[in-house]
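Chemist: Residues per chain are reported as follows:
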Amino acid sequence: MNMRPWVLLPVGLVAALAVACSDRQSDEAVQSTENGRSNLMRTDSPPRSPPVVEVEGKVVPVLAYEWFDNESRTASSLEPGPDVIASSLTLVSAADHSLEFRIGSAVRPSMVNVKFFNGTNPMTETPSEEEGSLTCSEDEEKCLTGVSLDHVHVIVEVPIRARYSVLELFYPNPFQGSHPVFFSTYGVGIEPQ
Amino acid sequence: MKSAKRGGVAGGLGALLLVVGTVLAPQASAQPGEGPGPETNPLITTAPVLPPPESAPMPVSTAFAETAPQGGVVQPFDSVPSPAGCTGSTDFPHKSGVNASVHGRMTCTVAVPRVETVTLLYRDRWYGPEQLASDSSWRTNNTTSQDAHPHWNCSGVGTYTYKGYSQHASLESDGVRYTATTSNWQDPGVSRFDC
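Residue numbers (my numbering), protein chains in the order written: chain A, 2 to 194; chain B, 3 to 197.
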């Protein structure tokens, strides 16, 4: 575990909350996938809409999503328009090279990916030069997740050169086979250290 | 923008709509066929046309049993593993001729009433995944779903990383449906290429 001790403190609290709330959520709710393989488990239902995500107390706008409303039976999707460029992303400090995403739903995603970029595409002005990506269930040394009463927390180690980060959340849809997967993504800019 | 190239999730599952609390066994026994799904509408639509619940051929891709969670309600649940030892898997996306392709499947240690895999092919963009194609495959009274293998013509689109994502579901003899999700990609290896 390369993460700093202070990072572990909130994680410990989150873990304790997770245990306390075990009647609502199970630690095994997130179905890990190793080498593309996973055991089948009973699962939870996804939130009604893409969850609100906060970093350092700032609400991070959704970059993209594909969602399905099981009550109205309507699908919706979003991709960023041309006005969404690197400089428009919410700026965060990522102090001590760590980011904590606070996801406004206690439903644990089936998969959490975090990507980092250290440059900007001169043509599109969007983040480029991917520095690396993490799948939190597989990279536990660099990405920790936990669940509290009404939030899921993702704490991730930020590469030194990273200037942007994109969080990807996946949820399985237990109701609608034509839309088996929901996802939403969120992007932040990282202040130079 | 988003196309289900062959079969497609919607078709493979018969645009299945799961109504929680439906009696499982009769539907399972009523399932007429097996294999990849028929041609159907694009995966993502703004107003999908779905059959009424009673005509849905088979509820799959779900996990709940008797309880009836409503949309958006956080439900208590347990994490009972599949009694039949079902596991799902997604291979790494790869270049196949002019196509980007990926295979997903699930297998069980003993035959179960229904096994199904829905596999989605994504192209990785900076802002997240862009869904390109989907496919599904299922079997009844079997130990395997066989492969779902969506593919997408990637000629001339440039170099991208492709990701495979599968939803697996089994309806087992205890009447419970179990699910798992798997994914795979190799970066910058086999799953990043120019067609």
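Hints listed in this document are in silico derivations from the structure and should not be mistaken for laboratory results. There may be inaccurate statements among the hints.
Taking beta-carbon pairs under 10 Å as the criterion, some of the chain A residues facing chain B (in silico) [unchecked claim]:
#1 Pro81
#2 Asp84
#3 Ser88
#4 His154
#5 Ile161
Derived coverage of chain A by chain B (criterion: at least 3 residues anywhere in the stretch with Cβ under 8 Å from a Cβ of chain B; other residues may be distant) [as the list claims (entries may be wrong)]:
#6 56-67
#7 95-105
#8 108-118
#9 163-172
Note that the Cβ used here is the ideal one computed from N, Cα and C, for glycine as well.
Chemist: Against this structure, judge whether each hint is valid.
Modeler: Going down the list of hints, with the structure as the test:
{"no.": "1", "hint": "Pro81", "in the structure": "holds (5 Å)"}
{"no.": "2", "hint": "Asp84", "in the structure": "violated (13 Å)"}
{"no.": "3", "hint": "Ser88", "in the structure": "violated (14 Å)"}
{"no.": "4", "hint": "His154", "in the structure": "violated (16 Å)"}
{"no.": "5", "hint": "Ile161", "in the structure": "violated (20 Å)"}
{"no.": "6", "hint": "56-67", "in the structure": "holds (count 3)"}
{"no.": "7", "hint": "95-105", "in the structure": "violated (count 0)"}
{"no.": "8", "hint": "108-118", "in the structure": "holds (count 5)"}
{"no.": "9", "hint": "163-172", "in the structure": "holds (count 3)"}
The structure fails hints 2, 3, 4, 5 and 7 (numbered hints given earlier, in ascending order).
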